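J.: Protein chains in written order, with the working numbering: chain A, 1 to 316; chain B, 1 to 456; chain C, 1 to 187.
Honestly, the hints are just simulated from the structure, not real lab data. Keep in mind that a hint or two might mislead.
Stated by the list, open to error - In the DMTMM-like style, the derived pairs of lysine to aspartate or glutamate whose C-alpha atoms are separated by at most 20 Å in a straight line are: (1) Lys351(B) - Glu291(A); (2) Lys351(B) - Glu289(B); (3) Lys419(B) - Glu378(B); (4) Lys419(B) - Asp327(B); (5) Lys62(B) - Glu289(B); (6) Lys358(B) - Asp41(A).
Model, not experiment: these values are computed from the prediction.
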Amino acid sequence: MSEPSVTTVAPAWALAAVAILGALVVLAAALDGALTARGNDAASGAGGGVATPLWEAARLMRQRRRRTVEADGMLWRLGGAGLVVTAVLMVAVVPLGEWTIFDLDVGVMWFNAMDVMVWALVWLTGWGANSAHSLVGGYRFLAHGLGYELPLMFALVAPVIAAESLNVGRVAAAQENSLWFGLWMPVAFLVYCLGVVAFSVWGPFAPALGADIASGVGAELSGVDRLVFEVGRYALLAAGSAFAVPMFLGGGAGPLLPGWTWVLIKTVSLLLLFIWLRRRLPALRPDKFMELGWMVLLPAVLVQDLVVAVVMVWRG
Amino acid sequence: MDAFARSATRRAHVLLVEVPGQWRTRAAVERAVLTRGWSLAMSPADADVLAVCGRPRPQLEKATGLVWHQMSGPRVRVDVADDAPAAEALDQAQARLLGTEHHRHDSDSRPVAAHLLSANKGHDQESLNHGSMDHGDGDDGTMRHDGGDESGGEGMDHGSMGHESMDRGDEGDGTMRHDGGDEGGGEGMDHGSMGHESMDHGGHGGHGGHGGNGGNGGNGGNGGNGGMEMAPGGIALAEGGEDRDGLEMDVLYVRLGPVLPHWPAGLVLRCALQGDVITEAQAEILDAETQQRHAGPTAGPAAGLAAGPARILDNTVSLLALAGWEDAAAEARRVRDAVLEGGDRASCAVKLDRLRAKVARSRVLRWSLRGIRPLGHEELERHGLPPHLDGDTYDRLLGMLERAGDSNGKLASPLPLDKLPHLVTGLDLAAARLVIASLDVHELQPGHVHDETSGA
Amino acid sequence: MVADIGFWVLGLVAVMAGAAVFYVNSMARATYALALSFIAVGLQVLFLQQNYVGVVIILMMVMEMAVMAVYMVMFMGMNPALMPMSMVHDSKKALAVAIGTFLTLAAGVLLVDWPARRVAPPAEVTRALGEELMGPKMLVMAVISPVMVATIVAGVVLAAHRTRYDRFGDDLNHRPADDPQPGGVGR
């Protein structure tokens, strides 16, 4: 093995990573607030909705927590808090330009393991409240999970085959002076994006929080519990966007600006795209999506992997 | 601190309670909430403000009271009368939300969960004394497990609860693999209904928003009936039953409504759920006896010609929101409000055309709604349903948008309530909600309460 | 030093969480106590520099537990978190067997004369481990896995009481298929 493609920084820099993740969360929530305000024709006095994250956070901090009868409070709250932790652990392996906090040789698998954690956490949030709607929401998420997880795993395999490494820094480095993986593996990139939206319980993958079951998994959350849960969702979306940069979007590659700026620019662009998409698509109902995942997405992404493998062998 | 409280009320979430016939008031409040940059709450946990649109009659008032108990503080209830300006009511709500001292007092004086559970028990039995009473003797059916002192029978005094498992008594032991002694299966049913009764969403008993005490809520709830071991916290455990694949699966009794967003006003649907599939349902309109039909503003002078199209658009909003498409739902809401405000007809028509084109263009929506509960002509005729409900849910959505274009449209005739259970049985919750929204209910006609069991 | 402490703490967490599976009285807690135990083991494997194996343990086990919770709840049939129920059967015998097994294995760990490391570990330890374990039997293993998948699929097909004749009619020409829950592809 040659020298590492990124330098590992002191663990204290993890705080900086958390701060960046936090900033992305606020940015994402602000854009979502603005889009919601525009969609609802909110009066201009409401500040165009940009301040939504601030008002919502204040509101939820002021609201009292509640509990339901016979709730499993520990598991319930573990679910919400775990989402934030998972998102932080995800970005730990994402190199910011040339620096990384955790240069794990199997970083891609690490990310994958973290996104599987979301299965457990969302279900626990749904379960712990001891409420029928919450529970239905939790199971809906697992149903979605069965549909999106395998395609997502095989989508992550494509760049790994091309880079011949599970190390995130190396995958990014493999795209230097060549076409970005996102461009010549469009199917894998698309399925990956779908997966990110899905594990963030976002937009078309939000039936687990659906209006038809009184916001499902979130039906009983209030106050700080809801705040943590919502922050967790945004953080997962941001972490997923950040991870796409080294995997599919060339990492820090870009003209003029230093690498880390490009990483941030690409992350923010993808994140804002996800935010923008939320209101624009109807829900993909889990019962229908499951078959789509297995019958269409999985074969498609396997073919993508095969194509990538053949190309790599052919290139020598 | 003051600035904090002010920012906290900048974006309050409002849970709407609609009194049957008061959809215009609800639409006005909805509009006012969204224009001031507030948000519509989907559940009591999410809400700061409970906005009651119209004057609720006793049963709905009671249900509203229970929802009120589930809201965590700071909380405010505003009653918006027929023609009162909604914006003023919300201003008032915001002002009251700011009173921190008041809310502190409010949370100190909350009743504990146990009291709520016991207080609501008696009422439920009264109001539920219809339906399958004849199952009262089935108590031993559920008791084929090695429990000690069981008590049954008691729980059968109300509607659909329990009789499913009564019929198939051999399931009991399948669900009881813990080595507890004394169980009272039939008894449990009773508390189950109590737990969900009048909650806007079922599955749990009343909430102690103030923490603590959830654990022993069952004590009060149990009254003197015994068998409480099967109903921890006053909530019954699910009982087994055969699912549509012929496998044993738990049956959980859950009430949908009356306080539920995008749900016909005053409707309560009692569902037996296996997983999230409705295997049995029973529909009821709250305050059916005291309700004066064809009264209220729907028939008043303010109704005008726009009533029909606006009502249809209102239902379209619900259907699109339930399908998870927020942009389209918001647009439909804008068109509805334009029609309700009696705006220029031509511009309304243009907006409606745009909405219709948008909806028809969406392949994802079509993919998602196609094939949900198709209704043929014969079936509609047999059930006395209007012919425009022909087709599946997607067809019905397009039909609604088509009919909304008829600017002379009047409100549709009331839909017979007793047909609803038949239409949703066998569907999962999501599909059932979509189907009910797609029926374009303008008003429900209370009738004989009807039971529907899936053929399986 | 820090690594040593970390390793032993994780070991403790793994054992305690494993014991908690039988101590707690709710299915969800038992399931996720087991998941926690596996996560701790996975992290321990990371300390052994078997990064791939460690992360895969975490990935697979969390996913498995999420699915297991579904089945457990489905088969045992209890409302969420409601009924406190014992997670053990025949506890005396089980306890004896469990303690016996643990002691035997632990004794094995302590008594075996482990070889000392002679050379530096290879660059790709996962691969080296795989070859050491599988060696010449790699082909057999590679064949067995599709056979296992085929067995699972066949088992499900045989167990399902609905056949294609139920879906497509006796002449297999009934379209769309008659399914209690139609899928999203329109087969």
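J.: With a cut-off of 20 Å on the C-alpha distance, tell me whether Lys419(B) and Asp327(B) pass.
T.: Violated - the C-alpha atoms of Asp327(B) and Lys419(B) are around 32 Å apart, more than 20 Å.
J.: Is the hinted pair Lys351(B) and Glu291(A) satisfied, with a Cα-Cα distance of at most 20 Å?
T.: violated, 36 Å
J.: With the threshold set at 20 Å, check whether the alpha-carbon distance from Lys419(B) to Glu378(B) stays at or below it.
T.: Holds, at about 15 Å.
J.: For a C-alpha distance cap of 20 Å, please report whether Lys62(B) and Glu289(B) respect it.
T.: The hint holds at about 15 Å.
J.: Would the pair Lys351(B) and Glu289(B) pass a check requiring their Cα atoms to be no farther apart than 20 Å?
T.: Distance of about 40 Å is beyond 20 Å: violated.
J.: For Lys358(B) and Asp41(A), compute the direct alpha-carbon distance and say whether it is at most 20 Å.
T.: It holds: about 18 Å lies between the C-alpha atoms, which stays within 20 Å.
Comparing the model with each numbered hint stated earlier shows that hints 1, 2 and 4 do not hold.
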